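*Asks:* Build the complex from these two chains, which are given one at a time in their own frames, with help from the hints.
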Amino acid sequence: MTLERRYRRVLRALPREYRRAWEEDMVSTFLDSAPARVPVGERLSVLGLAVRLRLTGAYASPRALVWHRTRLPRLRAQRVGAGHGPARGGHHRDRHDNEPARLGGWHRLRGHRVRAGPARDARAATGPAGGAGVRDRRTCGAAPPWSGGLDRLTRVDSTGATAAVDRPSWARSTRPAPGRAGDRPHARRCGGRGSDAPPARPRSRSRRGRRAGAAPGWRCRR
Amino acid sequence: MSLTEPTFFVLTALVGEPRHGYGIVGEVDELSGGRVRLKIGSLYGILDRLVTEGMVELDREEAHHGRLRRYYRLTTAGLAAVRDEAARLAANARVATRRIQSIRTATGGTA
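In order, the protein sequences belong to chains A and B.
One rule links them: number in the numbering used here = place in the first sequence (from 1) + 15.
One rule links them: number in the numbering used here = place in the second sequence (from 1) + 459.
In isolation and in its complexed conformation, chain B is listed as follows (with noise of 0.2 Å):
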């Protein structure tokens, strides 16, 4: 099963380390390079959806501002998730450097 981008993201954001909802923001913001600005409605409709599924969990909750912030971290699950994710992703990208090589090679650094 492939994951949509922004879910890839928030997986990958929360790999080593749980974080809460703006840190989860945060990351996928510096992961993506600026490219994936996750809203708050799509964030924590992938988060429910990941906990749905086993893929992401409850680390811990704590007091901020008078607030509780949650934290949420990655379960085995989520890392497998993203581990073939990876892999796939890495696998498109070598397949598709090669052919454009191939085509460079053929017409002389043209393409």
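Bound conformation, chain A alone (with noise of 0.2 Å):
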């Protein structure tokens, strides 16, 4: 097997859309620079990159979504009121970037500040106009995360101030940002559920046709 081979079976544990946008990029620079075989530090750098895309950020499944915004904050919480952690209400660091998060009602996801709350506080911050193509997975609150696109997402800065900002074309995924239940990819594959509704498993089939109809990266379990 070629090295080359070698590099792109270890970035195969990245999100199939972030290896859309950057695999040949990162394939390119690996080569650049001359090894002699994969080493074992680009190995952990590539599964540590995975499992921080997967957990947070436009790249995680809506499962991880859900864990990092319920579950995280209050065991977060729990590890501050037992005294583990720094005084309350305080800053801490964020395990995922190394940059300071906050308790509370604030989320630090991929560098942004997002507002995690109630739906009605996420439908305010992408403003009137604020349709599917103006949520995505990045905002929390605003609809489920399973309802937007992977290319556009707010930005709240300190002041409250928000801004719809789209990602660049050549870094883009190809997954569209979904407008009908129809539209869907996973929506499909799990048997279309309603428009809120989180994909779920299908009943009915075998389990070599489930294995075939799901993608990698999601699963259709309740």
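Don't read these hints as lab results, they were simulated from the structure.
These numbers come from a predicted model, not from an experiment.
Note that CB positions come from ideal geometry on N, CA and C, so glycine has one too.
Do not rely on the hints blindly, as some may be mistaken.
One-sided and incomplete, this derived list gives chain B residues near chain A with beta-carbon spacing under 8 Å [what the hints assert, rightly or not]: (1) I499; (2) Y503; (3) L527; (4) R528.
The following residues of chain A were derived to be distant from chain B, with all beta-carbon distances above 12 Å [what the hints assert, rightly or not]: (5) R20; (6) R31; (7) A51; (8) R52; (9) R58; (10) R67; (11) T85; (12) R89; (13) A92; (14) Q93.
*Replies:* What follows is the structure, given as structure tokens:
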């Protein structure tokens, strides 16, 4: 097996959408460094990146995002309350991006502060024109994370002002921002549930059929 | 917002000249005196975030040994972020230096 193929195998740990945007350039950069093999450090850095991407931000699975939004802050609050962390109400280090993140209603996802609150908060954050195209998986609370596109996000600055930000076309995923329930690829894979319903496991398919229908990285389980 | 050290060096490496991925790795190594050695996974995690935040953008693509190389450049927002971070670090260094000098003066140069 050539070195390039070995490195591409390592890169398969990354989310598919991320690979579409960055894989060729990563391979090019790796081969430019003229290594004799894929060093352990490089493997670990790709695996670390894969974990970060899958737990937070635009490439996270719905399950991971929900966990990150709801369970993780609760666990952190419990740790702070138990005296294992910094003083209550203070700032602490986010273990994913090593930048200060605040406990409570604000999360740091992929370097952006986004509101994690009731749906009405995030709807207000997207503005009056905030439709399905404006909301996305990074906009916590606005819509279920599986109902939006990957290429647009709402940035909220320290004053509370919001701005819709586009991802550059060359680094975009090819997954379209779905408008109707039938347009959502994983909704189709999971049996086309209602517009805000999470993907559900198909009931009447054989194990083999499920394997063939489910895309890597998306698990259609309750 | 403070930047992590690798992010700061990636932005600094792009000041004045667009660079491709391997060029950034080499420049960061040189700028940091060999202290920060970026792995490719780390570099592209940083680049993805900087592109999303509008601090870095694509400059051009060039063919090299049958592969496409992407060159990245700093945006105005990226340049402002490096400038702000450099000013912040310099101010921190000044405060620390002043404090160390005052202790030296007080203890007659033994601290």
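*Asks:* The structure should be examined with respect to each hint, and the outcome stated for every one.
*Replies:* Tested hints:
1. I499: OK, holds: I499(B) within 8 Å of chain A, min 5 Å.
2. Y503: Because about 5 Å separates Y503(B) from the closest Cβ in chain A, which is inside the 8 Å limit, the hint holds.
3. L527: Status holds, d = 6 Å.
4. R528: holds, 6 Å
5. R20: holds, 14 Å
6. R31: For R31(A), whose nearest Cβ neighbour in chain B is about 14 Å away, the distance exceeds 12 Å, so it holds.
7. A51: holds, 16 Å
8. R52: Holds, since 14 Å exceeds 12 Å.
9. R58: violated, 8 Å
10. R67: It is violated; R67(A) is separated from chain B by about 7 Å at its closest Cβ, not greater than 12 Å.
11. T85: T85(A) is indeed farther than 12 Å from all Cβ atoms of chain B, at 24 Å.
12. R89: For R89(A), whose nearest Cβ neighbour in chain B is about 26 Å away, the distance exceeds 12 Å, so it holds.
13. A92: A92(A) clear of chain B: closest Cβ-Cβ about 23 Å, beyond 12 Å.
14. Q93: holds, 27 Å
Comparing the model with each earlier hint shows violations of hints 9, 10; every other hint is respected.
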